[in-house]
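J.: Given chain G, put chain Y in place with the hints provided.
Chain order of the listed sequences is G and Y. The numbers in the first sequence follow our numbering, run straight up by one, and end at 793. The numbers in the second sequence follow our numbering, run straight up by one, and end at 264.
Be aware that a few hints might be false.
[Unchecked claim] Here are the simulated lysine-lysine pairs, PhoX-like style, with alpha carbons at most 25 Å apart:
# : chain 1 : residue 1 : chain 2 : residue 2
1 : G       : 279       : G       : 80
2 : Y       : 231       : Y       : 192
3 : Y       : 192       : G       : 130
4 : Y       : 231       : G       : 456
5 : G       : 130       : Y       : 26
In short, the hints are calculated from the structure, not lab data. Fair warning: this is a prediction, and the values are worked out from it, not measured in the lab.
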Amino acid sequence: MTATGNAEGFGASVKRKEDQRFLTGKGNYTDDINRRGQSYAHFVRSPHAHARIRGIDASAALAMPGVLTVLTGQDVAADKLGGLICGWTIHSKDGSPMKAPAHPILALDEVRFVGDHVAVVIAETASQAKDAAEAVAVDYDVLPAVVSTADAAKPGSPLVHADVPSNLCYQWELGDKAATEAAFKNAAHIVSLDLVNNRLIPNPMEPRAAVGDYDSGTGTFTLFTTSQNPHLARLVLSAFVGIAPEHKLRVVAPDVGGGFGSKIFIYSEEAVCVWAAKKVDRPVKWTSDRSEAFLSDAHGRDHVSHAELAVDAEGRFLGLHVRTTAAMGAYLHTFSAAVPTYLYGTLLAGQYTTPAIYVEVDAVFTNTAPVDAYRGAGRPEATYLLERIVECAARDLGKDPAELRRLNFIRKFPYATPVALEYDVGDFDASMDRALELAEYSTFPARKAEAARRGKLRGIGFSAYIEACGLAPSRVAGALGAGVGLFESAQVRFNPTGNVQVFTGCHSHGQGHETTYAQLVSEHLGVSLDNIEIIHGDTAQVQYGLGTYGSRSGSVGGSAIIKAADKIIAKGRKIVAYRMEASVDDIEFKAGVFKVAGTDKQMTIAEVAFNAYVPHNYPLEELEPGLDENAFYDPQNFTFPSGTHICEVEIDPETGVTQIVKFTAVDDFGRIINPMIVHGQVHGGIAQGIGQAMLEGCHYDEETGQLITGSFMDYCMPRADDLPNFTIDATETACTHNPIGVKGCGEAGAIGSPPAVINAVTDAIGIRHMDMPATPERVWRAIQSTRLPRAAE
Amino acid sequence: MYEFSYHKASSVAEAAGLIASHPDAKLMSGGQTLIPTLKQRLAAPSDVIDLSKIAELKGIKVAGNVVTIGAGTLHAEVAASKDVQAAIPALAALAGNIGDAQVRNRGTLGGSIANNDPAADYPGAVVALGATVITNKRRIAGDDFFTGMFETALEADEIVTAVEFPKAEKANYQKFPNPASRYAMVGAFVAKTASGVRVAITGAGPTVFRWNDAEAALSKSLTAAALDGVKASADNLNSDIHASADYRAHLIGVLAKRAVVALG
Chain G
1 MTATGNAEGF
11 GASVKRKEDQ
21 RFLTGKGNYT
31 DDINRRGQSY
41 AHFVRSPHAH
51 ARIRGIDASA
61 ALAMPGVLTV
71 LTGQDVAADK
81 LGGLICGWTI
91 HSKDGSPMKA
101 PAHPILALDE
111 VRFVGDHVAV
121 VIAETASQAK
131 DAAEAVAVDY
141 DVLPAVVSTA
151 DAAKPGSPLV
161 HADVPSNLCY
171 QWELGDKAAT
181 EAAFKNAAHI
191 VSLDLVNNRL
201 IPNPMEPRAA
211 VGDYDSGTGT
221 FTLFTTSQNP
231 HLARLVLSAF
241 VGIAPEHKLR
251 VVAPDVGGGF
261 GSKIFIYSEE
271 AVCVWAAKKV
281 DRPVKWTSDR
291 SEAFLSDAHG
301 RDHVSHAELA
311 VDAEGRFLGL
321 HVRTTAAMGA
331 YLHTFSAAVP
341 TYLYGTLLAG
351 QYTTPAIYVE
361 VDAVFTNTAP
371 VDAYRGAGRP
381 EATYLLERIV
391 ECAARDLGKD
401 PAELRRLNFI
411 RKFPYATPVA
421 LEYDVGDFDA
431 SMDRALELAE
441 YSTFPARKAE
451 AARRGKLRGI
461 GFSAYIEACG
471 LAPSRVAGAL
481 GAGVGLFESA
491 QVRFNPTGNV
501 QVFTGCHSHG
511 QGHETTYAQL
521 VSEHLGVSLD
531 NIEIIHGDTA
541 QVQYGLGTYG
551 SRSGSVGGSA
561 IIKAADKIIA
571 KGRKIVAYRM
581 EASVDDIEFK
591 AGVFKVAGTD
601 KQMTIAEVAF
611 NAYVPHNYPL
621 EELEPGLDEN
631 AFYDPQNFTF
641 PSGTHICEVE
651 IDPETGVTQI
661 VKFTAVDDFG
671 RIINPMIVHG
681 QVHGGIAQGI
691 GQAMLEGCHY
701 DEETGQLITG
711 SFMDYCMPRA
721 DDLPNFTIDA
731 TETACTHNPI
741 GVKGCGEAGA
751 IGSPPAVINA
761 VTDAIGIRHM
771 DMPATPERVW
781 RAIQSTRLPR
791 AAE
Chain Y
1 MYEFSYHKAS
11 SVAEAAGLIA
21 SHPDAKLMSG
31 GQTLIPTLKQ
41 RLAAPSDVID
51 LSKIAELKGI
61 KVAGNVVTIG
71 AGTLHAEVAA
81 SKDVQAAIPA
91 LAALAGNIGD
101 AQVRNRGTLG
111 GSIANNDPAA
121 DYPGAVVALG
131 ATVITNKRRI
141 AGDDFFTGMF
151 ETALEADEIV
161 TAVEFPKAEK
171 ANYQKFPNPA
181 SRYAMVGAFV
191 AKTASGVRVA
201 ITGAGPTVFR
211 WNDAEAALSK
221 SLTAAALDGV
231 KASADNLNSD
241 IHASADYRAH
251 LIGVLAKRAV
261 VALG
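Bound conformation, chain Y alone:
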């Protein structure tokens, strides 16, 4: 890796100040993407601002119908949280199946969504559950947060501090892992929420998206049969040595049905 200056931020305000004054800096939470990128010399930030020791970014709170998870909360903590397991079991299950044990004990919710890897799992939950992303500056609706491949609505000096997940009546996430990387080659998150049935697809396209046709069909009948004949379009889906766009489109249908069945 190239040389950089390391800063251990102790508060969000300090981190925000550092990022504002170091325009070529990178924010690091769990470092599960940034560190390998640095080691391969694919990034050369002047500074790395470490958010992982900021206490105010950690923790899980349940208040009424909302589960608020600090951006610095580890995947393993979300997976093991009795509160999350009780409130939104699909979210706990999703977190427990990210990467491997090492990744889950370093990687964080905030880091994952801020990076917005097209094959990441959490964006599926944020969009399908209609979550709200809270930053040091504002609140951003989950639907508006993920804007493109590795692109988000975040401004350069904006830091995710927490995500508010409304409890869903029912929710389930089905993941088809890439055989090599075990990232989601396709992931389908189906949730019956207060605002209706939402279906978010991750892994398949440049960024997470809602599968509107499926939502329309499932809103009429929340059954797997309702998806018979509803075909996801292969247009704009990813295509690589592991899966063509056509195959990903097919898997979207299979996984969405399986998620509906699992809703019970």
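Chain G extracted, bound-state conformation:
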């Protein structure tokens, strides 16, 4: 596309169209939806990490005021409903498919984590449902539980599922084992590292909610839900759970207050609400409270890894061997199997020319909440591991960490990695150069010395990341085990009066699609922003879609919109050619105006739309009336955003309190539609990454499986005063294979930042490694460990 001078188009930081309603309290979230005759659901949840259900006595609950029904796993089974599924099948090294135990929407005979859904009470009011839920008597036979990811597959660990030996879901591998072993034989140095990627609890601002409705007149179900992908929810609820066929199930995801991945998935509660709506012939509403969210939203990360990097005498990386154990939680979840495999192992080349890489991943079940995709999903885990071991290599070899990275940068594109990806484009030197400049790297020693004079420890840390976004070429995804295609669809509809409605399958829940997509259309079709409406989130309005996750909305969803818009232009040219009695080949389109080349004859796109809907003077023999085009876009490749993050910290050695004094991020997202929105995405992503690195961490009691971090009193979310002002800039190499050149920016901050923070903290202290989060006590203890030998001298 060429710049058209459109002040609202590509590259303009226009204010977000959706913010008027969000900032004035006019948003319409799932909990704002109230249907006539609505009843309320409350879930009875397991207080035990693992127990057999001997029996459920709901008689007392049923006798309580306002109670309409109590439903259990037995009722689900009697209605012959299916369970929740994992949409991706991973195969083990030996070729066997992963173990995918049944995941009923209400537990049938066993509960497997604290918070597991046992029964639901439907009542006239939410309070009545909650009161009655306490009166549901569940007779549990408590079983031993396993919580630790590292211990799950060890002999003697309790089994989460009796039919899954050693709790092993799969044992996956990727890469060339023999070549990697050979590389280690030739190494001058072998750098090894053990690390944990801490489990996180997503905590979007809006907790999950669902309203199920059933119209007995038409036999149609409607589910209003907090979803990032309503069509996928409809597909799973129809094809696997068996609520209703797709044409009899409408799924609406209205305004959604953040997801970070946790609302991609299809959960028990939404299935139960829509199913129960028919059982009680009343709309059924459920709104999670924050405590339920901590227990039952899918968690993220949770890896335990050992890695070894083979390096030659000059510092060139020869081979990387990674062995990871990844927790799945108690059940497989919508995307969970794919996260520590194809979204993780494939990213271990990073920005480097390492010729041989071999990765093994054991996925284990534990008696904890399911683990699934969370902002970055696999890529933060890969980046953290790689950028930590590269930093360790620099320290072990006594090399400057920036120069060691530079020595190993990939500089020829396209580049086929040893772990199945082909990077189309990138310029890693450019982002490193700019980041070093903005971070004032050359004068860091002076700042460190000045801090030392104040009794403070100052450190600097790098992270040079790459990620794969724009999920995904359907053919590739299918070959790797995906159960769905990963294209996106769009419909661009001109109305007779010249304004435009765009229907997209990419739901917006904080990303600002209603603005950026409108900017794309404004740039491409020359229509003012005010005359463009983006419609998403309703299977009854939007033709189809795979949803918003994996930073795919710009590159895949945006490309689908451009494809549909191109069809509009093509049809417009035919209409104008007919009206102007010219050849279609002579019709030019620019900035909303069709012109006959070399003449002053022209029509605006609004005039063309009017003619298409009032076809009095129109080529009806050759062309249908109307100006409304549909497109499906399947990407040719992933996109590869990359960049350099540099973190500078100052530590108070007396307390271990660590302050991030500067954080620099230079990212290459390809072309940028709205820089302000991209900055916002980067800010939020870095905040989440710093949260993981310094503050957040999910803790279960190792013995009982009780969630210790079950509220904000104990689960430490990042707050504004935990963060510095970020220094952010961009470099640009346009994506080569989509029509708009964008790569995606939604996850980069959370992917790039954690290793930069830990590299800075360990640099300041002068140690090799520290697991996240770098809490004051951990940092203080690490400082003590460096001082003890001296004290003993």
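T.: Here is chain Y on its own, set in the frame of chain G:
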């Protein structure tokens, strides 16, 4: 929350009468602990007696060497009080750093000390300043008021009406906030009072306590150096995912020194 009967008391006498006649009732001042507890169904009182509208519980008076703060006085009012800022600046600063702005505009002095959360800030001031807690029945020395985790010397039907804080020659409070909750993970209140140097530690143990070894050392020399080599014991300190007992013991030393330095 479970159902309960709500009573809006208009006087201390009325509230005392209500609590005496409703043995399963709870007194509520700012409700900053009670309301979340009720919402989580962790408490099921038959009645809630609201003290927040009782005029006689409010207000700050300075008379001679004593600052008397009504039990119903908001943290924000204490923080903003010119009288408190002038008389005991450390107390105003402590109040201004409790919770967040919302908490400070609902939470009260009386509610905080009657609840005696081990991580609360005010108990540090009450003990270190040698304050006296006044109830509808008697006067209780600050040293005798806090008896254990969420336990006080208050009888079931006894209501805190005010706290008398003697002016200190110098005082300072240093707080190490829990990163998640922002309650005091450790708080050290050091005061040079008419009766000597007093060091109260909150957040670290089951309830506020005086750090006797530090008081002894500081009584000889009110300098940070006087605390070199004085180590707080980790015995009986709290230990959780945020901080072990050892780390809390270490922080006690660091914060007490910083408080001494800040005394000037």
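J.: If any of the earlier hints don't hold here, list their numbers in rising order.
T.: Result: hint 3 breaks, nothing else.
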